[in-house]
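Order-wise, the sequence lines are chains A and B.
Going by numbering that gives the first Met the number 0, the first residue of the first sequence is number 0, and it counts up by one from there.
Going by numbering that gives the first Met the number 0, the first residue of the second sequence is number 0, and it counts up by one from there.
What the hints contain is simulated information worked out from the structure, not anything from laboratory work.
Since the model is a prediction, treat every value here as computed from it, not as a measurement.
Glycine included, C-beta positions come from ideal geometry on N, C-alpha and C.
Possibly wrong hints are sitting among the right ones.
Once the Cα atoms are required to be at most 16 angstroms apart in a straight line, the calculated EDC-like pairs of lysine to aspartate or glutamate come out as [unchecked claim]:
id, chain 1, residue 1, chain 2, residue 2
1, A, Lys95, B, Asp103
2, A, Lys212, A, Asp253
3, B, Lys95, A, Asp103
4, A, Lys283, A, Asp253
5, A, Lys175, A, Glu156
6, B, Lys237, B, Glu281
A few chain B residues facing chain A, derived, Cβ under 7 angstroms [as the list claims (entries may be wrong)]:
id, residue
7, Arg45
8, His63
9, Ile97
10, Ile100
11, Asn193
2 protein chains.
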Amino acid sequence: MKFSVMVLGANSAIPTANRFPTSQVLNVNETYYLVDCGEGTQIQLRKNKIKFQRITAIFISHLHGDHYFGLIGLLNTMHLLKREKHLTIVCPEGLKAILQIQFDAGNTTLNYPINFQFITFENGAQAYTDNKITVEILKLNHRINCAGFVFTENKKEPNINKSAVADYQLTTDEIKALKRGDTLNKNGVVLGDNILDVVHTTRKYAYVTDTKKNLKIIPFIENADLLYHEATFLDSEKLLAKKTFHCTTLQAADIANRSKAKQLMIGHYSARYNDLDVLLEETKTSFQNTVLALEGKTYELG
Amino acid sequence: MKFSVMVLGANSAIPTANRFPTSQVLNVNETYYLVDCGEGTQIQLRKNKIKFQRITAIFISHLHGDHYFGLIGLLNTMHLLKREKHLTIVCPEGLKAILQIQFDAGNTTLNYPINFQFITFENGAQAYTDNKITVEILKLNHRINCAGFVFTENKKEPNINKSAVADYQLTTDEIKALKRGDTLNKNGVVLGDNILDVVHTTRKYAYVTDTKKNLKIIPFIENADLLYHEATFLDSEKLLAKKTFHCTTLQAADIANRSKAKQLMIGHYSARYNDLDVLLEETKTSFQNTVLALEGKTYELG
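Next comes chain A alone, as it looks inside the complex (with noise of 0.2 angstroms):
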């Protein structure tokens, strides 16, 4: 099953000439999910040849604009699209009133129903599951309430082997025994795992955008297969980092250690920085197996 992350935007607050604020779509097997949607994200959709109406879920982590600017354009060009589809969004309880009033102002009664999720920050909360994806909350340390989240695939039940089922003539009772994990006498052969075909282990991806460095979210995004975390920052900004709840190169690197990451991909960038390179090179010092999130790049899970 397809799972992987396009980077659609990865700057901080202040957007420059080339580089979007924060949004990526998730793709698990082609259902859609697009976590923050800063202002432009339906141009960077556009310009990468995204379905709008593939979207399934929206992930809102937090209510400052460079996560959420771009979400009441998306909808209302969902809606100019003739979107039928409800969409569910996840995101802190003060953004409905938000997109209500706009779409008060411009008269607007959407073609399609919104399903709202609202975050209660907790770690390991909750927060959204359909038959791919769960999803959980992790409670960040930033300015005002900030959710990350960690995507998990759905665990499937396993298969019986389709010989095994010819060559033992197994009725739907007894496949649903096994499928339960039940064992089986049949013509004399003990049956269970070894009739199973091997399930792959479940993917997992935590997104941690605007924090302070925050150990306390480790139990909650061990071993992901990839691990988004902000780096605004170079380490020789530590105080600066502190002082604006953000983290630098180094602190996330930390985190992909501690959290025993098999991948960490550094963004949210200050635009201070012209050359991504500085905090790619400096994160590796720490976590040899990082990479940048870069606009329009596609990044595959396991």
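Given the coordinates of chain A, assemble chain B onto it according to the supplied hints.
Below, chain B alone, put in the same frame as chain A:
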């Protein structure tokens, strides 16, 4: 004195990958006025190297998103860039609450004061004045309250020829009287208009967006040096234009003809047109001196 219009975006509601929604910057002798502010305007300002902080006043025609969704981000960035100078926003009254709810959500108190001037939707109502320009309202005919704007250079007091001041040894009181239009007998010579410098006529820019064809505005936009008029559709889509409260190319041209515009600039293109030249050519069949509003292009007045 410089008087020019730079187009930052000229698309209608649905943005395309390479065309932004409506926004323009007027440059009147290096004071900047922003007219509408669709999503991505701050990105376009950066791309075109327009200094944000030189913007003195912002005019928002109406509360459809393609004309104001970029405003909150721009105001926020001005704050982050430490603006202190006050900013005037001429807008429909509802905009203030839309901005405030978002500042509150982000726990943001701006470093600079905003002076809101709410629009009275009445033809010819004065909306704004400073030492360079005066702006009057046009009442347009759209789905929600929508204003056009007429920007006129202020009349300058005529100056007396410097050589005449010396030749006739004019006193301050005599100069004032002459400037008022009095005549004066000085040593047997009648002085009046004959010693005044030529005053350039005041230039006029009329901005007409999002409206059904509306003849009532004509007396208020007459003889514009440049008329920006929306032309969302080709004339073959006349019925759709009427239904959506927009204009076609030939309707824009008719307004330009009737109001004796010196030049017409069309814009607010529907996303359906990849090739804008078809819109331009059709408009020119009725009003020859027409140009397309093109992103990043500057149009000088007079």
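- Task: Check each numbered hint against the structure and report the violated ones by number, ascending.
- Result: 11
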